[in-house]
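Colleague: Sequence:
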Amino acid sequence: MIGCLAAVSRIAGCLAFALSPTRTWFYTAPLFNIFSHTGLTAVRSIATKSVAVEEVAKLSSVIGVMEALAPSIYMPTSSFIYVQTIDTFPGAFYLFDAALTVVALALFIYIYALVKRRDVVTISSRKEEYARTNEVSRF
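In mature numbering (1 follows the signal peptide of the UniProt record, and there is no 0), the protein residues as written are -16 to -1, 1 to 123.
Hints listed in this document are in silico derivations from the structure and should not be mistaken for laboratory results. The model shown is predicted, which means the values in this text are computed figures rather than measured ones. Cβ coordinates follow ideal geometry from the N, Cα and C atoms, glycine included. Take the hints with a grain of salt, since some may be wrong.
[Claimed, not checked] Computed beta-carbon distance windows for the label pairs: (1) G48 - A90: 20 to 26 Å; (2) V(-9) - M59: 43 to 49 Å; (3) T61 - T25: 37 to 43 Å; (4) V35 - S63: 34 to 40 Å; (5) T61 - L91: 34 to 40 Å; (6) A36 - P5: 49 to 55 Å; (7) G48 - V87: 17 to 23 Å; (8) V86 - P55: 15 to 21 Å; (9) Y11 - T69: 20 to 26 Å; (10) Y11 - V46: 19 to 25 Å.
Start from the sequences, fold in the hints, and give me the full structure.
Modeller: This is the structure:
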């Protein structure tokens, strides 16, 4: 749910920045974007719960590398979009950011549905047993 909130917040913020009709709207757009950075926490949480305990360190290092590489791909792409559209629609790179976030939102919704389905499959009488044998609870 936190990931979905972060994605919706990011999309709303990008749309507010891209389509701001006045300077006042542009300066109030960060209010829509306030929860957008909580998505990284949700990604780390979901990812570490999805792998075995022995693999958490490897997963964390892969996530760290991806977080370092992402700006080197995103920044030149958004700069190119900005330079190409500055005369016609300067907020186009915000729409590019929103489009990328829609993909992330779809993934969060898919993962949420998978987790809910897993919770339904778990028999309620065995929930206590499942909680004790869960890989995450071994920390």
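Colleague: Each hint should be assessed against the structure and marked as holding or not.
Modeller: Hints, verified against the model:
| no. | hint | in the structure |
| --- | --- | --- |
| 1 | G48 - A90: 20 to 26 Å | holds (24 Å) |
| 2 | V(-9) - M59: 43 to 49 Å | violated (24 Å) |
| 3 | T61 - T25: 37 to 43 Å | violated (25 Å) |
| 4 | V35 - S63: 34 to 40 Å | holds (35 Å) |
| 5 | T61 - L91: 34 to 40 Å | violated (20 Å) |
| 6 | A36 - P5: 49 to 55 Å | holds (52 Å) |
| 7 | G48 - V87: 17 to 23 Å | holds (21 Å) |
| 8 | V86 - P55: 15 to 21 Å | holds (20 Å) |
| 9 | Y11 - T69: 20 to 26 Å | holds (22 Å) |
| 10 | Y11 - V46: 19 to 25 Å | violated (38 Å) |
In terms of the numbered hints stated before, the structure departs from hints 2, 3, 5, 10, listed from lowest to highest.
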